[in-house]
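Student: Just so you know, the sequences run in chain order A and B.
The opening position of the first sequence corresponds to residue 1 in the numbering used here, with each subsequent residue numbered one higher.
The opening position of the second sequence corresponds to residue 1 in the numbering used here, with each subsequent residue numbered one higher.
Check the hints yourself; a few may be wrong.
What the hints assert, rightly or not - Only pairs whose alpha carbons sit at most 27 angstroms apart, straight line, appear in this in silico DSSO-like list of lysine-lysine:
1) A:K5 x A:K71
2) A:K71 x A:K54
3) B:K14 x A:K5
4) B:K83 x B:K14
5) B:K71 x B:K57
6) A:K5 x B:K57
Worth flagging that the hints you see were computed from the coordinates, not collected in a lab.
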Amino acid sequence: DQQVKQNSPSLSVQEGRISILNCDYTNSMFDYFLWYKKYPAEGPTFLISISSIKDKNEDGRFTVFLNKSAKHLSLHIVPSQPGDSAVYFCALRRGADGLTFGKGTHLIIQP
Amino acid sequence: DGGITQSPKYLFRKEGQNVTLSCEQNLNHDAMYWYRQDPGQGLRLIYYSQIVNDFQKGDIAEGYSVSREKKESFPLTVTSAQKNPTAFYLCASSGDRWSYEQYFGPGTRLTVT
Chain A
1 DQQVKQNSPS
11 LSVQEGRISI
21 LNCDYTNSMF
31 DYFLWYKKYP
41 AEGPTFLISI
51 SSIKDKNEDG
61 RFTVFLNKSA
71 KHLSLHIVPS
81 QPGDSAVYFC
91 ALRRGADGLT
101 FGKGTHLIIQ
111 P
Chain B
1 DGGITQSPKY
11 LFRKEGQNVT
21 LSCEQNLNHD
31 AMYWYRQDPG
41 QGLRLIYYSQ
51 IVNDFQKGDI
61 AEGYSVSREK
71 KESFPLTVTS
81 AQKNPTAFYL
91 CASSGDRWSY
101 EQYFGPGTRL
111 TVT
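With the rest of the complex left out, here is chain A (with noise of 0.2 angstroms):
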């Protein structure tokens, strides 16, 4: 039962477009919703994040939107640049619980 999905394994975007990256959820309680960003044997690292009283946060180039009726996430980044070719995982809380994460979206930016 999976509660995180990212359904798109791969995304590619020309370089200076947009990137939408997205994520669906089943369990309304989830509280805090974030995104982190991977490279290749390396760990995550935290790139912005977004709390279910909000529907938008914004932070330089990456843009993250929150609809709770449709239990949908979504991250924008432009322009996109060859430095964001990298694993996205969305990744929610639910209280105390930890972290849920999908499964990634890798996303390449070709020149």
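Starting from the known structure of chain A, fit chain B onto it as the hints suggest.
Tutor: Below, chain B alone, put in the same frame as chain A:
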């Protein structure tokens, strides 16, 4: 520099042997976590500890054991009972159990043959 260290980066073992992966943090965090990542999979929680001398099973604890004798250290033992031990293991910490952001170490790649 504050952070989380995991050593070694690569570890090789023969089947049937127990192996212990180390995780140390100097962030003064209360909570620590162990995850496992397999190709094409997300991070799956093995064990977590919210305070010294206390730990809880995660989603895939079978074949693993942990200890939390010191705040800074949370070693993970992969026992011979773990059926598929070859994986990338990640340790993380957070300020406390209510902190939403977790900080990750660089990971240990364990290969069992």
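Student: Please go over all the hints and tell whether each is borne out by the structure.
Tutor: Hints, one by one, checked against the model:
1. With a C-alpha separation of about 11 angstroms, the suggested pairing of A:K5 with A:K71 holds against the 27 angstroms cut-off.
2. For a cut-off of 27 angstroms, the pair hint linking A:K71 to A:K54 stands: about 13 angstroms separates their Cα positions.
3. Distance restraint check for B:K14 and A:K5: the Cα-Cα separation of roughly 35 angstroms exceeds the 27 angstroms cut-off, and the hinted pair is therefore not satisfied.
4. A threshold of 27 angstroms between alpha carbons decides the hint, and for B:K83 with B:K14 the separation of about 13 angstroms falls inside it, so the pair holds.
5. Distance hint between B:K71 and B:K57 is fulfilled; the C-alpha atoms sit about 18 angstroms from each other, no more than 27 angstroms.
6. A hinted pair counts as satisfied when its Cα atoms are at most 27 angstroms apart, and A:K5 with B:K57 qualifies at roughly 23 angstroms.
The structure does not agree with numbered hint 3 stated previously, though it agrees with all others.
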